[in-house]
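Asks: The chain contents come next:
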Amino acid sequence: MVNLSVKLNNLIFKNPVMTASGTFGYGIEYNRFFDIGLLGGIIVKGLSLNPRQGNPPPRIIETPCGMLNSIGLQNIGYNKFVSDILPQFDNIDTNLIVNIYGSEIGEFVELASKLNNYKQISALEVNVSCPNVKAGGATFGKDPEVIFVLVSSIKKVCEKPIIVKLTPNVTDIALIAQAAQSAKADAVSLINTITGMVIDTKTKKPFLGNKFGGLSGPAIYPVGLRMVYETYEKINIPIIGVGGINSPDIAIQYLLAGASLIQIGTANFVEPDISLKIIDGIMRYLENEEIDDVSKLVGLAHN
Amino acid sequence: MVNLSVKLNNLIFKNPVMTASGTFGYGIEYNRFFDIGLLGGIIVKGLSLNPRQGNPPPRIIETPCGMLNSIGLQNIGYNKFVSDILPQFDNIDTNLIVNIYGSEIGEFVELASKLNNYKQISALEVNVSCPNVKAGGATFGKDPEVIFVLVSSIKKVCEKPIIVKLTPNVTDIALIAQAAQSAKADAVSLINTITGMVIDTKTKKPFLGNKFGGLSGPAIYPVGLRMVYETYEKINIPIIGVGGINSPDIAIQYLLAGASLIQIGTANFVEPDISLKIIDGIMRYLENEEIDDVSKLVGLAHN
Amino acid sequence: MQTLVLSNDKVANDIYCLKLQKPYGFDYKPGQFLMIKVNNLNEPLLRRPFSIAKAVSSIDIYYKIVGLGTKILSALKNGEYIDITGPFGNNFEIKYKRLALVGGGIGVAPLIGLKNFLDEQKIESECFFGFNTAKDCFVDFGSIATIDGSSGIKGTVIDMLAHLDNSYHVYACGPNAMLSALCKLADEKGFSVDVSLESNMACGFGVCLGCSVNTIKGYKQVCKDGPIFNYTEIIW
Amino acid sequence: MQTLVLSNDKVANDIYCLKLQKPYGFDYKPGQFLMIKVNNLNEPLLRRPFSIAKAVSSIDIYYKIVGLGTKILSALKNGEYIDITGPFGNNFEIKYKRLALVGGGIGVAPLIGLKNFLDEQKIESECFFGFNTAKDCFVDFGSIATIDGSSGIKGTVIDMLAHLDNSYHVYACGPNAMLSALCKLADEKGFSVDVSLESNMACGFGVCLGCSVNTIKGYKQVCKDGPIFNYTEIIW
Ligand SMILES: Cc1cc2nc3c(=O)[nH]c(=O)nc-3n(C[C@H](O)[C@H](O)[C@H](O)COP(=O)(O)OP(=O)(O)OC[C@H]3O[C@@H](n4cnc5c(N)ncnc54)[C@H](O)[C@@H]3O)c2cc1C
Ligand SMILES: Cc1cc2nc3c(=O)[nH]c(=O)nc-3n(C[C@H](O)[C@H](O)[C@H](O)COP(=O)(O)OP(=O)(O)OC[C@H]3O[C@@H](n4cnc5c(N)ncnc54)[C@H](O)[C@@H]3O)c2cc1C
Ligand SMILES: Cc1cc2nc3c(=O)[nH]c(=O)nc-3n(C[C@H](O)[C@H](O)[C@H](O)COP(=O)(O)O)c2cc1C
Ligand SMILES: Cc1cc2nc3c(=O)[nH]c(=O)nc-3n(C[C@H](O)[C@H](O)[C@H](O)COP(=O)(O)O)c2cc1C
Ligand code: FES
Ligand code: FES
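Taken in order, these protein sequences are the chains called A, B, C and D. For the first sequence, the working numbering assigns the number 1 to the initial residue and increments by one for each residue that follows. For the second sequence, the working numbering assigns the number 1 to the initial residue and increments by one for each residue that follows. For the third sequence, the working numbering assigns the number 1 to the initial residue and increments by one for each residue that follows. For the fourth sequence, the working numbering assigns the number 1 to the initial residue and increments by one for each residue that follows.
Note that these hints are calculated values from the structure, not bench results. Fair warning: this is a prediction, and the values are worked out from it, not measured in the lab. Check the hints yourself; a few may be wrong.
Unchecked claim - Distance windows between CB atoms, simulated:
#1 D:Ser57 with C:Pro175: 50 to 56 angstroms
#2 C:Thr133 with A:Leu38: 49 to 55 angstroms
#3 C:Thr133 with A:Asp93: 46 to 52 angstroms
#4 A:Asp93 with D:Thr215: 23 to 29 angstroms
#5 C:Asn214 with A:Asn3: 57 to 63 angstroms
What the hints assert, rightly or not - Over the 12 angstroms line for every Cβ pair with chain C, so calculated as not near, a few chain A residues:
#6 Ile28
#7 Ile71
#8 Asp186
#9 Ser216
#10 Thr266
#11 Val270
#12 Leu286
The beta-carbon is built from N, C-alpha and C at its ideal position, and this holds for glycine as well.
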């Protein structure tokens with residue numbers, strides 16, 4: 001038997017496969033497809049203090065082996081989340097991670113301190129990288145100093161592990177990861193979407209209501225993988241790999257590049273139970289390779 | 001009849017479609033597929049002062065809707081280029097643009113001043129963005145000050161139009177374009193490839209001999225398009241759009257985003273005469289839209 | 001779920017009828033849709049939404065070739081398998097009024113199942129379908145209008161609706177131009193209208209938030225809150 | 001060039017023979033290859049290289065399913081069209097020595113055309129082909145070795161070459177393990193060897209510089225300088 005479980009501080013993940021924020025709703029919606037308790041973790045849609053209505057439609061468009069989205073962090077807000085969603089997780093045996101977003105540092109901090117009180121929540125993922133909102137969002141994610149202040153401030157009010165989710169739209173993502181590490185982040189997730197656009201040649205206008213959107217899906221996996229590889233050589237805290245994973249092979253590539261855990265995003269839309277297939281594929285790979293612990297794969301490509 | 005021709009300073013392009021550096025050899029190789037004189041321009045493989053042997057194989061690997069390459073600027077060098085290749089262009093009626101590369105500023109300048117003497121050459125494209133070489137290359141392309149010094153120095157020794165080819169692996173590509181403009185560049189080309197990697201899960205090692213490679217092909221077109229759109233709002237010199245173009249529709253999207261000319265790269269490998277199909281498609285589009293001049297499309301998506 | 005293709009025949013200009021083996025326990029309500037993965041590749045990446053036109057002995061879909069996905073779909077042969085998820089979405093609510101079904105072009109598809117259901121329930125309804133030409137028509141019931149007069153009356157489907165008054169409730173699906181003409185008429189004549197809307201979709205069941213439509217109560221998801229909306233809710 | 005598929009039949013375990021209509025004026029030399037675009041999509045993006053096994057009445061390709069592209073190829077039906085470019089590459093040079101053709105697995109494919117050519121020219125040659133089992137074998141001539149002894153002698157193709165001496169010239173294609181065993185033997189026995197190499201390719205005709213192989217004269221392009229190289233040139 002191979003060991004698929006992974007530890008992050010005191011948190012135990014039964015396997016390294018989580019679902020990425022914004023691509024798996026609040027998790028509950030997928031219960032009709034499979035037992036979501038089988039997942040290593042579930043990262044819910046980006047949450048803000050107040051409900052947000054998001055960007056004007058159209059919000060998605062397919063591109064070659066990818067898609068652009070400009071959802072703009074539409075969400076039900078803190079109050080509704082804790083009253084309607086959280087109780088449903090009382091009996092679901094997986095790590096619930098809340099992806100949080102604020103338009104200024106104070107908002108992030110307030111939200112983090114409030115969420116700190118809920119035992120159903122295993123960790124927070126701080127989204128400093130959403131390209132679809134004007135304030136905060138990507139601006140935060142591109143400046144190491146702002147990241148340092150933001151993460152330090154959150155760490156002061158929240159005891160749960162803090163994961164910082166980074167944007168790929170920068171010259172040197174490892175530099176930003178280092179800032180997060182200095183601020184005592186417990187892990188970093190990379191990558192969020194790459195900013196892109198599509199123009200409608202019929203109307204001669206940007207196709208998306210918000211003009212720009214974030215590129216995700218298999219098209220971007222070589223970029224996410226490279227950034228995980230680069231960052232692995234520059235930091236000591238765990239890396240969570242995300243970007244274009246839709247097969248066991250790509251998931252394993254991320255582990256070999258240095259990710260301790262991985263997230264499945266866009267692929268959930270195509271195959272709702274893809275995460276289970278990926279967990280299964282990782283297990284088979286380990287068996288074939290006669291490796292008894294998934295953690296032994298992490299970073300092997302650097303040797 | 002619609003007018004497809006485009007002017008860049010005193011240079012006239014018979015249509016806005018060129019072939020991208022490194023994807024069309026020295027042009028001559030394609031003469032067996034079609035009359036390369038029908039193209040708006042041909043940008044030859046990156047040239048350096050001395051021959052370069054490039055990176056160890058494997059050098060290419062396919063990825064979803066894209067490919068990675070780590071050729072590493074293998075080329076025949078200046079002497080052989082002017083003796084063997086240039087004379088063949090005496091009677092080819094298209095713009096020959098030489099993509100140049102140096103490992104330090106002095107090398108760029110020396111090469112540019114030497115190439116300035118050849119009447120077969122219409123312009124130089126300065127490659128400050130190749131991710132596959134250690135010195136120069138991407139390092140240059142990421143620092144606006146270095147770009148400024150480099151381009152200013154080249155402008156002093158070369159009278160031909162200078163096009164600066166930018167890397168997408170930066171936080172703010174428009175900033176780099178502005179530096180090129182300040183240094184009196186005549187145009188900018190964007191984008192070069194996005195750095196990526198693939199790991200072989202059989203050997204557990206990076207697949208490419210050089211570990212990293214540049215991602216090109218349809219997968220990246222939404223990113224290239226967004227960068228052209230952003231840059232168009234920040235500079236006044238012409239933009240040459242490149243990245244993932246393999247259909248008239250995508251080519252037109254680039255024009256609408258603000259590109260005056262476009263380049264076809266990876267698509268040449270798949271369909272050697274794709275450029276002709278794209279020229280044809282642009283012409284049909286203009287006819288259907290009753291637009292009499294291709295230049296009238298440029299930047300329309302900003303209105 | 002991998003589902004067997006029973007047939008996939010051209011039934012009109014660019015329009016095909018795909019019949020799939022009905023999986024055990026499959027149940028749907030008229031107005032709902034499936035998400036279909038048209039091949040096993042990453043291109044096209046996303047599933048495509050299609051209304052269920054009928055699900056009696058087989059699941060029947062009528063689709064029009066408009067792009068890459070539907071093109072690929074049209075090459076499917078019987079005996080092959082295709083992956084579906086669903087059914088998703090809300091359904092046509094039956095109103096206690098005189099009922100009229102109004103469809104344009106491929107928008108007729110979801111109304112076929114509704115008509116079938118109404119007939120089963122012995123609820124009377126009138127059907128009005130518009131096409132560009134006879135060659136585009138793929139139904140064998142209802143009153144037909146064609147722009148060129150090659151089948152039924154000459155004109156648009158709206159031209160057949162002069163008799164509708166506030167005793168009527170209309171179920172509609174079709175191109176935006178048709179829907180807005182219909183809604184204008186509804187405002188004048190006082191009949192009510194439920195429309196089936198379209199939108200680009202990624203997931204089909206409410207998690208991606210990609211398929212939003214602007215309504216008087218804020219953004220709603222076409223896949224989950226719809227695809228059927230009362231037309232007065234929608235900010236057109 | 002769009003080319004008509006005449007047949008595409010399974011001839012052994014995972015191995016297919018694709019026959020294409022020979023375009024007017026098509027000419028090739030043994031050892032050359034085609035680049036095939038297996039579908040009309042962006043995935044797989046690039047053409048795939050395949051040796052021409054024969055081009056007498058039709059162009060014949062033998063291929064093995066190893067990944068996505070060859071999988072898609074195997075679903076092609078006669079009557080469909082497929083896009084080819086080529087022929088590309090250098091060719092087997094005929095040496096005035098005793099000739100032996102040595103192939104392993106799917107590497108036998110390019111040697112079929114060579115054998116055909118030699119027979120036409122009435123040049124004598126010996127053929128030695130190795131497979132894992134009888135089920136993998138797709139040729140009906142030459143001496144066969146199989147690892148499990150289910151066809152021909154039991155062993156590897158190398159086991160049949162004990163008689164080769166410096167009067168021989170060998171043309172070889174197959175897995176790397178076979179080629180390196182062969183080259184070791186060549187060093188011992190003094191025969192010369194030309195090998196047909198493989199490499200990932202994007203363009204197939206020398207412009208992308210992606211298919212480099214390391215030789216004693218620096219990097220060379222498998223597609224243009226090869227695919228056939230004298231084994232002493234290659235830095236293995
Ligand atoms: C609930 C619902 C039910 C539906 N039911 C049916 C049905 O029963 N039958 C049916 O035929 N159809 C139905 N549709 C529509 C159907 O889903 C689409 O026609 C289908 O998804 C098209 O896929 P495609 O890959 O062929 O076209 P795509 O290539 O996805 O293109 C489809 C359309 O999207 C737009 N588009 C795509 N790319 C771009 C771009 N770059 N710029 C601008 N515009 C672009 C264009 O308008 C294009 O015509 C339904 C849709 C919904 C939401
Ligand atoms: C000149 C020449 C002639 C040839 N002639 C023939 C012939 O006659 N018959 C024949 O069957 N084949 C021939 N080949 C080989 C053939 O081109 C390949 O088998 C084919 O391209 C495979 O395509 P695919 O899409 O099926 O597999 P791919 O998906 O491209 O994979 C093919 C192989 O590439 C490697 N690979 C792909 N992706 C990765 C990755 N992420 N990490 C590590 N490795 C990877 C793997 O080893 C895999 O098995 C020839 C090749 C050359 C260069
Ligand atoms: C529709 C959609 C919505 C998303 N919403 C969020 C979000 O709310 N917060 C966040 O941090 N990332 C969000 N993401 C980014 C994903 O979590 C993930 O980082 C990205 O899509 C790359 O992974 P993938 O290629 O597997 O999808 C979203 C992505 C998509 C496609
Ligand atoms: C195999 C290969 C070699 C390349 N060589 C060069 C080069 O020498 N100089 C350069 O400026 N760009 C080079 N490029 C980048 C292309 O010119 C182009 O900017 C990039 O591929 C994006 O366009 P595409 O998606 O259309 O290929 C190369 C690209 C490829 C795929
Ligand atoms: S399609 Fe995903 S929410 Fe509607
Ligand atoms: S495949 Fe392009 S140079 Fe050989």
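Asks: Hints first: check each against the structure and report whether it holds.
Replies: Hint check results:
no., hint, result
1, D:Ser57 with C:Pro175: 50 to 56 angstroms, "holds (52 angstroms)"
2, C:Thr133 with A:Leu38: 49 to 55 angstroms, "holds (53 angstroms)"
3, C:Thr133 with A:Asp93: 46 to 52 angstroms, "violated (59 angstroms)"
4, A:Asp93 with D:Thr215: 23 to 29 angstroms, "violated (59 angstroms)"
5, C:Asn214 with A:Asn3: 57 to 63 angstroms, "violated (50 angstroms)"
6, Ile28, "violated (10 angstroms)"
7, Ile71, "violated (5 angstroms)"
8, Asp186, "holds (27 angstroms)"
9, Ser216, "violated (10 angstroms)"
10, Thr266, "violated (7 angstroms)"
11, Val270, "violated (6 angstroms)"
12, Leu286, "holds (25 angstroms)"
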